[in-house]
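Asks: Sequence:
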Amino acid sequence: MKNEAVSQINESHTFDLKLKGFKVYPIETSVHPLPSYTRRDFYKICMVTGKSDINYADRGIIVEGTYLFFGNPHIPYSSELLSAGLTGYACLFTEEFLKSNDRSESLQESPFFKIGGNPVFILTETQKKYIGDIFERMLAEQEADYAFKSDLIRNYIILMIHEALKFQPPDNFHKHHNASSRIATLFLNHLEKQFPIDGIEQPLKLKTAQDYANVLSVHVNHLNRAVMEITAKTTSTHIAERIISEAKALLHHTDWSIAEVAYALGFEYPTHFNNYFKRLTGNTPRSFRMEAV
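So the sequence shown is numbered by this note's numbering: it starts at 1 and just counts up by one.
Check each hint, because a few of them may be wrong.
Said to hold, decoys possible - Straight-line Cα separation of at most 27 Å, DSSO-like style, residue types lysine-lysine; simulated pairs:
{"id": "1", "residue 1": "K248", "residue 2": "K99"}
{"id": "2", "residue 1": "K205", "residue 2": "K193"}
{"id": "3", "residue 1": "K20", "residue 2": "K149"}
{"id": "4", "residue 1": "K207", "residue 2": "K278"}
{"id": "5", "residue 1": "K205", "residue 2": "K278"}
{"id": "6", "residue 1": "K166", "residue 2": "K128"}
{"id": "7", "residue 1": "K99", "residue 2": "K193"}
{"id": "8", "residue 1": "K20", "residue 2": "K51"}
{"id": "9", "residue 1": "K166", "residue 2": "K51"}
{"id": "10", "residue 1": "K233", "residue 2": "K166"}
Worth flagging that the hints you see were computed from the coordinates, not collected in a lab.
Throw the hints in and build the complete structure from the sequences for me.
Replies: Right, here's the structure in full:
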């Protein structure tokens, strides 16, 4: 029954997220509020009060009191409930929702969401009230009819992230010695350094798992095992998702031709790009651009 309750909670939250790109909800349960230790398709910020054992990538921490947690869909995490229950708030969102008008920086580069970063912050009573007020505002806006509520909610998320930058992270986050974490971190850093693409004169250079393995001076099988172990996604999946994300941004925010976008992303022929984009999104680049207008 307990596992069934967890499944129902997660399914309902994720269903709404896929429709809107965002979901905020209160937490008041004795059931584990975080999904199992696996990958997800959304980012998560939650503020909860209770005691939990949080595992994130190859690290773990036991936290008690009120804390703020940042979850990255590229990094597996889990939480074991150690108290009678948890109360608080959580919001789920896609990177596209948060960065609909800005390609300048990926969330994976944020100190809260990247491998090696610290995703947990213990809050004071003052900080708890301030962050709680932000969540309450997001809850109200989520149900409101305001035409620009997505922009307002997006600003609330950014405000929460900036406030967290001011907090002092806990120093008892223990790190397990794991070479896979180091390799996965290097891979993700190299992947993000290729973006955003500013011009067709400098097309994407690293396009395959083998390309990254060569740069990192490791065997491609070793790279694939490390990335899968830490992120629960294949190296090729990370690359494909990042290319598609950049393709959508270029199609939406530039006036480049489809051929120019294809070339900038490392495709020799536009037809290869068209087939690649349609296979991963179910849509052609041209129809995506027309729908985004």
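Asks: If a hint holds in the structure, say so; if it doesn't, say that too.
Replies: Hint by hint, here is what the structure shows:
1. K248 - K99: holds (12 Å)
2. K205 - K193: holds (11 Å)
3. K20 - K149: Given pair K20, K149 holds - Cα atoms ~12 Å apart, limit 27 Å.
4. K207 - K278: Judged against 27 Å, a Cα distance of about 18 Å means the pair holds.
5. K205 - K278: Between K205 and K278 the Cα gap is close to 22 Å, so the pair holds against 27 Å.
6. K166 - K128: Given that 27 Å is the threshold and the Cα spacing comes to 14 Å, the pair holds.
7. K99 - K193: Holds, at roughly 17 Å.
8. K20 - K51: Roughly 31 Å between the alpha carbons, so the hint for K20 and K51 is violated.
9. K166 - K51: With a Cα-Cα distance of about 23 Å, the restraint between K166 and K51 holds, given a limit of 27 Å.
10. K233 - K166: Roughly 32 Å separates the two Cα atoms, so the pair is violated.
Taken one by one, the earlier hints fail for this structure at numbers 8 and 10, listed in ascending order.
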